[in-house]
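Chemist: Spelled out, the chains give:
There are 2 protein chains.
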Amino acid sequence: MYDQNRILVDSVKRLIRRGATSHLKKIVNKTHGADLSVVFRSLSLSHQKLVFGMMDDVEQKGVLFNELDEDSFVEFVEDLDLDLLVKVLENMSADDVAGLVDRLPEEKASAVLEKMQREGSEEVEDLLTYEDDTAGRIMVPDFVAVHQDVTAREAVASLQKEYIDVEMPFYLYAVDETNRLVGVSSLRQLVVVPPDKPLRSFMTTDVFSVSTDMDQEEVAKIVARYDILAVPVVDENNRLVGIITVDDVIDIFRREATEDILKMAGVGEEFVETKSVVKSTRIRLPWLFASCLGGIFAFYIIGHFEQSLSQLTYLAAFIPVIMGMGGNIGTQSSTIVVRGLATGRISSRDLWSVVFKELAVGFILGLVYGALIGSVAQMRFSLWALAAAVGLAVVSSMSIAALVGSLVPMVLSRIEVDPAVASGPFVTTAIDVISVFFYFKIATTMLGI
Amino acid sequence: MYDQNRILVDSVKRLIRRGATSHLKKIVNKTHGADLSVVFRSLSLSHQKLVFGMMDDVEQKGVLFNELDEDSFVEFVEDLDLDLLVKVLENMSADDVAGLVDRLPEEKASAVLEKMQREGSEEVEDLLTYEDDTAGRIMVPDFVAVHQDVTAREAVASLQKEYIDVEMPFYLYAVDETNRLVGVSSLRQLVVVPPDKPLRSFMTTDVFSVSTDMDQEEVAKIVARYDILAVPVVDENNRLVGIITVDDVIDIFRREATEDILKMAGVGEEFVETKSVVKSTRIRLPWLFASCLGGIFAFYIIGHFEQSLSQLTYLAAFIPVIMGMGGNIGTQSSTIVVRGLATGRISSRDLWSVVFKELAVGFILGLVYGALIGSVAQMRFSLWALAAAVGLAVVSSMSIAALVGSLVPMVLSRIEVDPAVASGPFVTTAIDVISVFFYFKIATTMLGI
Chain A
60 MYDQNRILVD SVKRLIRRGA TSHLKKIVNK THGADLSVVF RSLSLSHQKL
110 VFGMMDDVEQ KGVLFNELDE DSFVEFVEDL DLDLLVKVLE NMSADDVAGL
160 VDRLPEEKAS AVLEKMQREG SEEVEDLLTY EDDTAGRIMV PDFVAVHQDV
210 TAREAVASLQ KEYIDVEMPF YLYAVDETNR LVGVSSLRQL VVVPPDKPLR
260 SFMTTDVFSV STDMDQEEVA KIVARYDILA VPVVDENNRL VGIITVDDVI
310 DIFRREATED ILKMAGVGEE FVETKSVVKS TRIRLPWLFA SCLGGIFAFY
360 IIGHFEQSLS QLTYLAAFIP VIMGMGGNIG TQSSTIVVRG LATGRISSRD
410 LWSVVFKELA VGFILGLVYG ALIGSVAQMR FSLWALAAAV GLAVVSSMSI
460 AALVGSLVPM VLSRIEVDPA VASGPFVTTA IDVISVFFYF KIATTMLGI
Chain B
60 MYDQNRILVD SVKRLIRRGA TSHLKKIVNK THGADLSVVF RSLSLSHQKL
110 VFGMMDDVEQ KGVLFNELDE DSFVEFVEDL DLDLLVKVLE NMSADDVAGL
160 VDRLPEEKAS AVLEKMQREG SEEVEDLLTY EDDTAGRIMV PDFVAVHQDV
210 TAREAVASLQ KEYIDVEMPF YLYAVDETNR LVGVSSLRQL VVVPPDKPLR
260 SFMTTDVFSV STDMDQEEVA KIVARYDILA VPVVDENNRL VGIITVDDVI
310 DIFRREATED ILKMAGVGEE FVETKSVVKS TRIRLPWLFA SCLGGIFAFY
360 IIGHFEQSLS QLTYLAAFIP VIMGMGGNIG TQSSTIVVRG LATGRISSRD
410 LWSVVFKELA VGFILGLVYG ALIGSVAQMR FSLWALAAAV GLAVVSSMSI
460 AALVGSLVPM VLSRIEVDPA VASGPFVTTA IDVISVFFYF KIATTMLGI
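Protein sequence lines, in the order shown, are assigned to chains A and B. Quick note: the first sequence uses our numbering, first residue 60, plus one each step. Quick note: the second sequence uses our numbering, first residue 60, plus one each step.
A few of these clues could be false.
In this list, chains with the same sequence are indistinguishable; a pair is considered to hold if it fits within one copy or across any two.
Below, in silico cross-link-like pairs of lysine-lysine (DSBU-like), each with a Cα-Cα straight-line distance of 30 Å or less [to be verified]:
1. K167 - K85
2. K220 - K256
3. K256 - K85
4. K85 - K220
5. K256 - K167
6. K416 - K108
7. K416 - K146
8. K89 - K256
9. K416 - K72
10. K338 - K416
Just so you know, these hints were derived from the structure itself, not from any lab. Keep in mind the model is a prediction, meaning the values are calculated, not measured.
Just chain A, with the same shape it has in the complex:
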């Protein structure tokens, strides 16, 4: 797929260079908006505008807007004609418009909402009243709901008339007089039952639904777990206000996975690769500060043992292997716990059993590698006390690392703080400092220096 994109990017660039307008126009209008967003990444702003001007289909423009990186979108529409922008937005679904409008500077955002057709703009403004990353914010009002007393035949008829514009009519929701969600029927059921049967007689009353303020990640988990195509969103009175469809769930999972991965590596939440060197540097700078502080701390710890170190210089030579083993097993532990929590394989309620298991694994692996590294020390220096001290330091470093690496994210998750941040430079650095301290303490005690 990416090879095809590359070919597309190359031809668009070539045609722009050659000024082959009519040929370019043909290609642009044959290409899917999502693919054009990839092309846009490699074009200058003026060339982006050239290509955009050639697009005939307003819906394709909407797809393109949706797929552009956050920064690129804001930059692109900065001096775009307001009427043109509004026309594109009016042809997009309300949840997508809300997502885009939210990125704009406040003044521009309200100008856009002002200009949008009455109805469309109200929908968008409604969505914008919900908190970021909640079900209310990402739902669409695009669903099929009829009264529970309606017959199967009448329901099918209203599907074909009233609801012809609903893009993905996966389910038919049943509501009561006050618009409260009381049941659901699949379209298949609707065709199979005798046409005169009222909906209430065959609908499923046990409906999965989510509230408007539920976190989008929770919503995504429910949709994935029960393999449903859309989940209805209800307000505090159980009134049906929107649905969230499976295609949005895919985006949520991908975004959340990326966020978690970036947080674990200590590079913020947003993807920085597409940003400039300066911006990227600025985002990554603070995360490294933890590591720097920890390193300086370790420096003072070692300084504290300088006297012993001058007696046995080669003690220093084991610092990297002890830090490395601790760091790596700590990363293993925290990654397993963070991902386990994210996918639901681990529950934060099982704190002690998870942490104890990690500690056990860390201890066993510590014994294995402690013996190995201790043997290397013995081979090199033929000094049993040193070999034993190094071995013991590896055991303690790896056990502590597994303990800290699993405990910190488990505790964070318990107190409802995102555990992904724990796996970043903070835990690694803490493990480094503790490992170095234990190593020198053990070595100086055992060697009597």
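Given chain A, work out where chain B should sit, using these hints.
Modeler: Just chain B, lined up with the frame of chain A:
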């Protein structure tokens, strides 16, 4: 959601303890199979069997099987009555059965296929002929396809009769005489056009399709990118053989994200938390070996500089901060590149621009932190040459780390090796070793020792 699960787990356990069979049975049959799989995780094998025996609905049993962890499923069915197992499988979709049968020991797998109803078993065996993780392996034969000359009215009629069993009839595919895919129509289009129009006159001929041997991750990207609900799978002659639906795509993304994260942390590909301590230790052991070897290598490097170290003991005190800064920025770089490649934000074709940018970021951040750490050295020892050496070592360590951390995954991706493994202990360890070497080389040169 997880709190609810916890309540469920607790009540099931309590009812088992009390032997409250009829109450337990009621709860079990009211609970979704996906939720029961969570309960199963906390039950002993004999209690799992007790609960399973109470389940009335064979389809619910299928959902449960699907959601069980790989090991738990194999263990659970080990001495399960073959007839019972087959009955459950016969009520599941072919792709899910293929996934489960593939986990069974060979002998059991063939016994199951033997016993399954002729037709069902053939479908499963067909899927099993495709490679793991390809489109062919995960597709379902559950689609609606009619000849392109059929009218809209006839198409609707066959949807209601012939294809009433198709679970998710998102699209209607049009084929020619030889069953080759020639077009697609949405169900909505079908109801809007005049009923006498033949399919070929209004269908979309520009169909997204994938080949049976395409990697499932690529398939998932296509479905996500174009926001489609199902993608048709064709054989080498462009004949329609199956579809892959959006709900499978969610599973693919989640699994691939987990795999990538685990690989980056050096804990294999499979989720180990639910495995026993011994198994978990065995899986994690080899990944730490790289780190151990690297550490021993660093040990010999430092040993090589022992002479200088004995003259200036405090050189050792800077080892942790230099290794830590290099390690952390290296992790940042490789994580950004690996995730960028996975999500398509970075193309492996852009090797040099990506690597150069990372190098620039590493160099700038190196200057910042080099100055900072150098100042600390100066404050502590008032020795300009040492401060300069430490600062320079930080710059070189961070620049090299950013270079190696981005270059290795980019190159691996170019030669079509999974870049996620590069971000694990291998790159970190390489960076550690190089950093330590450069540090001592720079320090001894500048200090003239």
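Chemist: Going back to the hint list, which numbers does this structure go against?
Modeler: 1, 4, 5, 7
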